[in-house]
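Both chains are given apart, each in its own frame, so use the hints to dock them into the complex.
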Amino acid sequence: MKVINLHQEEKDIIKLAADNNRHAQQKIYSKHAPKMLGICRQYIKDLHLAEDVMITAFMKVFTNLKNFEHKGSFEGWIRRIMVNECISYLRVQKKVGFLEDEYYVEDTFNNIESHFSVDDIQSLIDSLPDGYKMVFNLYCIEGFKHQEIAKMLGINEGTSKSQLSHARKMLQEQINKQKNYVNGTE
Amino acid sequence: MEPNKLEQDFKHKLEQRTIQPTEMAWDRLDAMLSVTEEKKKKPNRTWMYMAASFLALLLVGALFLNQESQNTKNGITTDDNRITEGKSEQKTSVGESFKPTVTDSESIKQEETVAVTTTTVSNNKPAAFVNNKATVVKTGIVKNNMAPVLNKEAVAATTTNEAEKVKTGPAKINVDPAELLASVESPAVTDQVAATGKPKKQSVKVDPNSLLTSVEGELNDSFRGKVLQSVAKNYNIIKSSVASRNRQ
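Protein chains in written order, with the working numbering: chain L, 1 to 186; chain Y, 1 to 248.
Chain Y extracted, bound-state conformation (with noise of 0.2 Å):
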């Protein structure tokens, strides 16, 4: 069954023989080969795509991580702010407070000082003055010198409007007792005299510091009340509120 002498003849005749292919042949060739290139070029770009999408997930996913993470973190800042505006609220009302109560002390006193004497409305003067700002005190003053009335009642009117004053005003307590009392005790006093003809004796003497610090004791004690009311009120309210983001 060997391949024979014919057979290796063909063979050999066969293996010389060439056929020159048409021209048009390699242009299809190179037709189909673009063809193939474009095929894998595709599906090298969707693979691109498809890893450039992942990683935007990755990213994506990493920052939202982030923000979880930052978020619990300013939770706890937000919380500490909110403590911090609470604070800051509770100081301020604290203040606004602090200011009504003074008055109220305050005109408490001037109407006590005024049952003993009509002539201590100068010198109540200058503690109803004590929470006042400065341009509030030239105008108490003021309208003590134009008018210099003397009874009860018109003693009170003023130091009532006054405190209206106060609550509305911003308080300023580092205010000298002796140098008020003194200012408004030297024109009052000259009116009083320029009025009556002749000079008014003081009958009692008021010591501005020993009023002041027997006030400030008292705003103190009710001050700490209302601090710690309004501290455990506004705790109350930050709890109930982070709880309520937490649940969210």
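Bound conformation, chain L alone (with noise of 0.2 Å):
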């Protein structure tokens, strides 16, 4: 009964939100943009920029809240609407390219114990170049496959599982830099 009722109180609010109710959109706002800048946080290195796109995103999430059909969960579809705003702006802003290769090897990424917490996780993936970076983040992070990937950046399925490889292998790198100043330190 509990979830019933959170449900239609957020399908109200979204529709007075969608009727440009201050009030409404600032509980959206107040609610999902601590994790959407989280997420906005993982592709943009810089956290003002972040929170730039994350608010051009809300601009977006809200001048389209009518177009909402409530078939999925509405954090799952403000999600959505950042993470292609943030490769909209890492590719327009940033002029991301992608290097049409389709080398990729086999993980040698398995079985590492992690013990990283979230800022040496973020700090792992700031290490990696924009464009491997976005299809990290795409594949493992947001779920999304490969074809989906190379559909949303406009390359092809094979150029997203090298970036994904390259930005395996690099963070890998990392890791074992990192392990071996741990241990030299030891």
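Source of the hints: derived by calculation from the structure; they are not laboratory data.
Keep in mind that this is a model prediction, so the values were computed, not measured.
Note that the Cβ used here is the ideal one computed from N, Cα and C, for glycine as well.
Some, not all, of what chain Y presents toward chain L, calculated at C-beta under 10 Å:
| hint | residue |
| --- | --- |
| 1 | GLU7 |
| 2 | PHE10 |
| 3 | LYS13 |
| 4 | GLN16 |
| 5 | ILE19 |
| 6 | PRO21 |
| 7 | ALA25 |
| 8 | LEU29 |
| 9 | LYS40 |
Dumping the calculated SDA-like pairs for lysine to any residue here, alpha-carbon to alpha-carbon at most 20 Å:
| hint | chain 1 | residue 1 | chain 2 | residue 2 |
| --- | --- | --- | --- | --- |
| 10 | L | LYS35 | Y | TRP26 |
| 11 | Y | LYS5 | L | GLU173 |
| 12 | L | LYS60 | L | ASN20 |
Here's what the structure looks like:
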């Protein structure tokens, strides 16, 4: 009953926000902004820029609220808009290009015990070039398939796979470096 | 190529992460939303203006068309008016033209009667006053009473004077000829008696009714001709004016 009530409440708020009710819009923003800023931060190293992109994405959320059909989760819908906005930002503003190669190696990234904090993970991802970062985030964090990523980024599926392979290799190297550094200091 | 354990851990941890945006972020978003709302409102307004102007144009067009149709109708009505006016003018002109003819014929009659006798002045008087106002008749009587001139020239002068008065004065045909004759005759006769000393017998008896009818018959003939002429003239004027209006 509580879940149904919550769902109904969310529906009402969305309806109000779609009718430009500023209070409802603020409610939605307050509820989802912290998580969405985290997502934007995955793609954009600079927090301020990430916030700018998040605001632009929220603008799109509110202007397109009437198109939301309540079929999937509302958070998932906002998240998708955020990711698309981040990709758009990186491609347009940073002019991120993708090297069209189809070279990729099998996973060398297996079964490493993770003791990384969120900040460590973020710094590892930040160390990746934007192209690798995008594909890595889209594939590993957002859960898109290579076909979808290729479509989203306007690249070949093979390029998406090679980008992921390069990203993983790079991350592996970074993790190994950190391990060696930790072991060396011990 | 499936996400491995480490990547799953990354995903889990990153999904749980929240970063509190700065307080300014909402204000900026609020401002941006306000701007877009205003932008949205403006086109709506312009659309409203466009719709309003379109409606206004439609109204003006409808009014114009109505006026056009009314004008055509009015054109007919004005034509009718013109015709009626023309008719009334004709009537008036006929009335005016009627008067002089009456007086002319009367004066002729008077002259004829005067030529016959000098004492028939009083007899001729009622015929001369047939188409005059009562006031004119009275003044005429007064004149006759004051100046009992019995020669032909004087009579002719008075009749012509009175004819001029008749021309200017409005027409009143409904005058009883017998009464007039009697009223004019009696003082004239008494005056003559006073002047000559003995009463004069009327040598010629004039039947006022026959005189009047004969005069009326003559009048009707000339009247008809003039009416027809004026009708034809006015008809041509109206015809030409309507034609010129249609061309315009």
